[in-house]
Amino acid sequence: MSLKSERRGIHVDQSDLLCKKGCGYYGNPAWQGFCSKCWREEYHKARQKQIQEDWELAERLQREEEEAFASSQSSQGAQSLTFSKFEEKKTNEKTRKVTTVKKFFSASSRVGSKKAEIQEAKAPSPSINRQTSIETDRVSKEFIEFLKTFHKTGQEIYKQTKLFLEGMHYKRDLSIEEQSECAQDFYHNVAERMQTRGKVPPERVEKIMDQIEKYIMTRLYKYVFCPETTDDEKKDLAIQKRIRALRWVTPQMLCVPVNEDIPEVSDMVVKAITDIIEMDSKRVPRDKLACITKCSKHIFNAIKITKNEPASADDFLPTLIYIVLKGNPPRLQSNIQYITRFCNPSRLMTGEDGYYFTNLCCAVAFIEKLDAQSLNLSQEDFDRYMSGQTSPRKQEAESWSPDACLGVKQMYKNLDLLSQLNERQERIMNEAKKLEKDLIDWTDGIAREVQDIVEKYPLEIKPPNQPLAAIDSENIENDKLPPPLQPQVYAG
Amino acid sequence: MAAAGGGGGGGGAAAAGRAYSFKVVLLGEGCVGKTSLVLRYCENKFNDKHITTLQASFLTKKLNIGGKRVNLAIWDTAGQERFHALGPIYYRDSNGAILVYDITDEDSFQKVKNWVKELRKMLGNEICLCIVGNKIDLEKERHVSIQEAESYAESVGAKHYHTSAKQNKGIEELFLDLCKRMIETAQVDERAKGNGSSQPGTARRGVQIIDDEPQAQTSGGGCCSSG
Chain W
1 MSLKSERRGI
11 HVDQSDLLCK
21 KGCGYYGNPA
31 WQGFCSKCWR
41 EEYHKARQKQ
51 IQEDWELAER
61 LQREEEEAFA
71 SSQSSQGAQS
81 LTFSKFEEKK
91 TNEKTRKVTT
101 VKKFFSASSR
111 VGSKKAEIQE
121 AKAPSPSINR
131 QTSIETDRVS
141 KEFIEFLKTF
151 HKTGQEIYKQ
161 TKLFLEGMHY
171 KRDLSIEEQS
181 ECAQDFYHNV
191 AERMQTRGKV
201 PPERVEKIMD
211 QIEKYIMTRL
221 YKYVFCPETT
231 DDEKKDLAIQ
241 KRIRALRWVT
251 PQMLCVPVNE
261 DIPEVSDMVV
271 KAITDIIEMD
281 SKRVPRDKLA
291 CITKCSKHIF
301 NAIKITKNEP
311 ASADDFLPTL
321 IYIVLKGNPP
331 RLQSNIQYIT
341 RFCNPSRLMT
351 GEDGYYFTNL
361 CCAVAFIEKL
371 DAQSLNLSQE
381 DFDRYMSGQT
391 SPRKQEAESW
401 SPDACLGVKQ
411 MYKNLDLLSQ
421 LNERQERIMN
431 EAKKLEKDLI
441 DWTDGIAREV
451 QDIVEKYPLE
461 IKPPNQPLAA
471 IDSENIENDK
481 LPPPLQPQVY
491 AG
Chain V
1 MAAAGGGGGG
11 GGAAAAGRAY
21 SFKVVLLGEG
31 CVGKTSLVLR
41 YCENKFNDKH
51 ITTLQASFLT
61 KKLNIGGKRV
71 NLAIWDTAGQ
81 ERFHALGPIY
91 YRDSNGAILV
101 YDITDEDSFQ
111 KVKNWVKELR
121 KMLGNEICLC
131 IVGNKIDLEK
141 ERHVSIQEAE
151 SYAESVGAKH
161 YHTSAKQNKG
171 IEELFLDLCK
181 RMIETAQVDE
191 RAKGNGSSQP
201 GTARRGVQII
211 DDEPQAQTSG
221 GGCCSSG
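Going down the list, the protein sequences come from chains W and V.
First residue of the first sequence? That's 1 in UniProt numbering, and the numbers climb one at a time after it.
First residue of the second sequence? That's 1 in UniProt numbering, and the numbers climb one at a time after it.
Hints listed in this document are in silico derivations from the structure and should not be mistaken for laboratory results.
Certain hints may be false.
Claimed, not checked - Sample of chain W residues lacking proximity to chain V, with all beta carbon distances greater than 10 Å (derived):
no. : residue
1   : K37
2   : F316
3   : K437
4   : Y457
Unchecked claim - Using 30 Å as the maximum straight-line C-alpha spacing, the simulated DSBU-like pairs for lysine-lysine come out as follows:
no. : chain 1 : residue 1 : chain 2 : residue 2
5   : V       : K193      : W       : K199
6   : V       : K180      : W       : K294
7   : W       : K307      : V       : K45
8   : V       : K159      : W       : K304
9   : V       : K45       : W       : K297
10  : W       : K207      : V       : K193
11  : V       : K113      : W       : K369
12  : W       : K307      : V       : K180
13  : V       : K169      : W       : K214
14  : V       : K45       : W       : K235
15  : W       : K214      : V       : K121
16  : W       : K307      : V       : K193
17  : V       : K113      : W       : K297
18  : W       : K304      : V       : K180
19  : W       : K307      : V       : K62
20  : W       : K171      : W       : K20
21  : V       : K61       : W       : K294
22  : V       : K121      : W       : K294
23  : W       : K304      : V       : K111
24  : V       : K121      : W       : K199
25  : W       : K297      : V       : K49
26  : W       : K199      : V       : K68
27  : V       : K111      : W       : K307
28  : V       : K62       : W       : K207
29  : V       : K121      : V       : K193
30  : V       : K169      : W       : K307
31  : W       : K304      : V       : K49
32  : W       : K304      : V       : K45
33  : W       : K304      : V       : K62
34  : W       : K207      : V       : K61
35  : W       : K369      : V       : K169
36  : V       : K62       : W       : K199
37  : W       : K294      : V       : K117
What the hints assert, rightly or not - One-sided excerpt, in silico: chain V residues whose CB lies under 10 Å from chain W:
no. : residue
38  : K34
39  : K49
40  : T185
Yeah, the Cβ is synthetic: ideal placement off N, Cα and C, and Gly gets one too.
Let the hints inform the model, and build the full structure from the sequences given.
Here it is in structure tokens:
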């Protein structure tokens with residue numbers, strides 16, 4: 001480790017080699033450019049001041065936490081996990097975005113999410129490059145407490161970590177990849193030293209590494225999360241927009257094996273969405289990973305309840321994609337990049353957390369490349385849905401908005417009903433028209449038939465060609481008939 | 001590459017108490033029985049209502065092979081065609097791959113061939129490949145000939161196995177064999193590197209998940225003179 005920090009000296013200018021205080025002695029980058037004597041003085045001063053501040057802040061934190069806890073106990077009911085929570089988080093996100101944009105104009109505006117981040121004294125002392133935030137302070141305290149249990153090894157670790165952080169202070173101008181490289185080197189070196197020199201058993205090493213990660217990343221977060229030198233923010237906005245454009249995707253299209261009609265399942269889905277959104281509020285990579293893992297567990301539960309068998313990757317990935325689409329977690333790309341760059345690699349590569357993280361990366365990659373084919377839709381349908389002309393969701397309004405308010409639900413129902421009525425009306429109209437046509441056809445048909453028959457068998461009335469008297473002429477035995485009666489006049 | 005789980009792990013393979021950590025990806029079309037295979041291996045159950053595990057997509061198993069401790073992490077992958085392009089994200093940094101096909105389904109064997117091609121292209125020869133013909137309990141309906149499958153496996157430097165998750169045949173052997181091969185590869189790797197000092201390079205190979213850019217070997221310009 002010491003070797004590493006010395007190597008960094010190559011970046012220091014010739015003039016910087018002297019003690020910053022101008023006492024004429026040579027300075028040392030490990031002492032922030034001071035000579036040993038001046039450094040001790042500076043450090044001591046800063047240290048005293050810091051202890052003082054730590055006390056005050058810790059007390060304030062305690063009070064605030066108690067208050068917050070008390071208020072959350074009373075105000076938040078059992079249904080706190082509903083839609084309003086998402087809304088709140090999203091609004092938070094929006095306001096935060098504004099500050100991120102502002103960041104370009106003011107050098108030291110804050111990025112952090114916690115309201116507790118008050119008065120960031122911009123490095124009042126050269127020795128301790130830290131923002132005075134309550135969270136940072138709490139973490140440092142915990143870290144020191146934790147290391148105390150390891151006696152000598154703990155002391156050494158603390159020294160190394162401090163050195164590393166100070167080194168990082170001077171590396172802020174380097175590219176984020178180089179900074180990431182430094183952090184990864186540091187993780188590796190510390191772990192190795194512990195195992196070879198300190199003879200610390202592997203399980204212990206892992207625990208210590210977690211604490212180290214927490215400590216350093218809480219401090220570095222604001223400089224290395226979504227840094228301005230990268231296009232992380234642009235990517236965040238792009239994926240956010242993309243997800244918003246894909247709002248119409250239904251679970252059926254993705255073949256999600258989750259039936260949200262079951263209340264338990266929809267509860268799990270809501271929890272999973274909450275977890276994935278929560279990821280953005282954490283500072284330490286490992287805590288972010290923990291959010292992804294928690295989200296995944298809820299997804300597994302949802303699948304298990306629906307299918308009653310353990311979920312395979314074939315079930316899990318589509319569901320995760322669906323959750324990401326539904327939740328639209330803030331700063332997704334930044335978070336993924338940050339975890340990739342600064343998480344302790346042993347956790348990211350082999351463990352369960354790593355698996356879920358990889359799946360999240362897959363989900364994001366899938367969403368970015370998603371097209372008609374991947375949803376089994378025709379290109380026309382896909383284009384129509386993308387442009388917002390129609391929504392396949394209308395029929396499934398019920399299943400899609402379990403968290404909508406009653407009025408909206410009613411509206412969806414009514415819309416549904418109206419469209420059904422409309423359809424029926426049309427059907428009736430069509431049938432009536434058909435009937436009318438049939439009737440006309442029928443009359444026409446009859447008329448035609450009659451005509452035909454009339455033409456075929458014309459009704460000819462032949463005029464009588466014999467005088468009436470001859471009517472009996474053909475009678476053969478005419479002569480045998482008695483003579484016709486003659487009218488006679490009787491005188492009465 | 002034996003990235004020891006406990007954060008690096010110094011010393012060569014000779015160091016006692018050191019455990020190997022291997023990542024194995026499971027590839028195969030849907031319905032070939034990937035899930036059944038791992039569940040049979042890790043839980044010894046098949047289509048059982050009493051399966052206790054919540055999920056079968058990430059499973060671990062601890063083994064002891066000839067005194068060497070092995071932590072096996074089995075990563076299931078989504079087999080649907082639509083997720084095919086995501087493969088490289090999954091199998092990055094894996095030590096082994098199990099490619100499963102259904103012996104009654106010629107198509108699934110073709111898929112295996114595609115994956116093999118891809119894996120060799122992306123990971124070279126560092127990865128141990130196993131091609132697995134599953135469902136041998138349905139021998140009567142076989143559509144992929146044994147000879148064809150075995151000669152194909154040989155031609156790509158993979159090993160071929162016949163298994164039945166239903167009848168619990170060949171599964172234990174498959175995983176045991178794979179672990180032995182991975183240990184061998186890891187040992188060769190270690191020897192080539194001398195000792196553990198150059199491990200950071202390998203240990204960090206998988207850190208960058210999203211970026212496609214090659215890992216820059218930084219700290220290159222720095223020399224060791226002090227300031």
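Cross-check of the supplied hints:
no.: 1; hint: K37; in the structure: holds (18 Å)
no.: 2; hint: F316; in the structure: violated (5 Å)
no.: 3; hint: K437; in the structure: holds (48 Å)
no.: 4; hint: Y457; in the structure: holds (71 Å)
no.: 5; hint: V:K193 / W:K199; in the structure: holds (23 Å)
no.: 6; hint: V:K180 / W:K294; in the structure: violated (34 Å)
no.: 7; hint: W:K307 / V:K45; in the structure: holds (17 Å)
no.: 8; hint: V:K159 / W:K304; in the structure: violated (34 Å)
no.: 9; hint: V:K45 / W:K297; in the structure: holds (22 Å)
no.: 10; hint: W:K207 / V:K193; in the structure: holds (28 Å)
no.: 11; hint: V:K113 / W:K369; in the structure: holds (24 Å)
no.: 12; hint: W:K307 / V:K180; in the structure: violated (36 Å)
no.: 13; hint: V:K169 / W:K214; in the structure: violated (46 Å)
no.: 14; hint: V:K45 / W:K235; in the structure: violated (44 Å)
no.: 15; hint: W:K214 / V:K121; in the structure: violated (38 Å)
no.: 16; hint: W:K307 / V:K193; in the structure: violated (48 Å)
no.: 17; hint: V:K113 / W:K297; in the structure: violated (33 Å)
no.: 18; hint: W:K304 / V:K180; in the structure: violated (34 Å)
no.: 19; hint: W:K307 / V:K62; in the structure: holds (29 Å)
no.: 20; hint: W:K171 / W:K20; in the structure: holds (18 Å)
no.: 21; hint: V:K61 / W:K294; in the structure: holds (22 Å)
no.: 22; hint: V:K121 / W:K294; in the structure: violated (35 Å)
no.: 23; hint: W:K304 / V:K111; in the structure: holds (28 Å)
no.: 24; hint: V:K121 / W:K199; in the structure: violated (40 Å)
no.: 25; hint: W:K297 / V:K49; in the structure: holds (20 Å)
no.: 26; hint: W:K199 / V:K68; in the structure: holds (20 Å)
no.: 27; hint: V:K111 / W:K307; in the structure: holds (27 Å)
no.: 28; hint: V:K62 / W:K207; in the structure: holds (20 Å)
no.: 29; hint: V:K121 / V:K193; in the structure: holds (23 Å)
no.: 30; hint: V:K169 / W:K307; in the structure: holds (27 Å)
no.: 31; hint: W:K304 / V:K49; in the structure: holds (11 Å)
no.: 32; hint: W:K304 / V:K45; in the structure: holds (17 Å)
no.: 33; hint: W:K304 / V:K62; in the structure: holds (25 Å)
no.: 34; hint: W:K207 / V:K61; in the structure: holds (21 Å)
no.: 35; hint: W:K369 / V:K169; in the structure: violated (40 Å)
no.: 36; hint: V:K62 / W:K199; in the structure: holds (23 Å)
no.: 37; hint: W:K294 / V:K117; in the structure: violated (35 Å)
no.: 38; hint: K34; in the structure: holds (7 Å)
no.: 39; hint: K49; in the structure: holds (8 Å)
no.: 40; hint: T185; in the structure: violated (16 Å)
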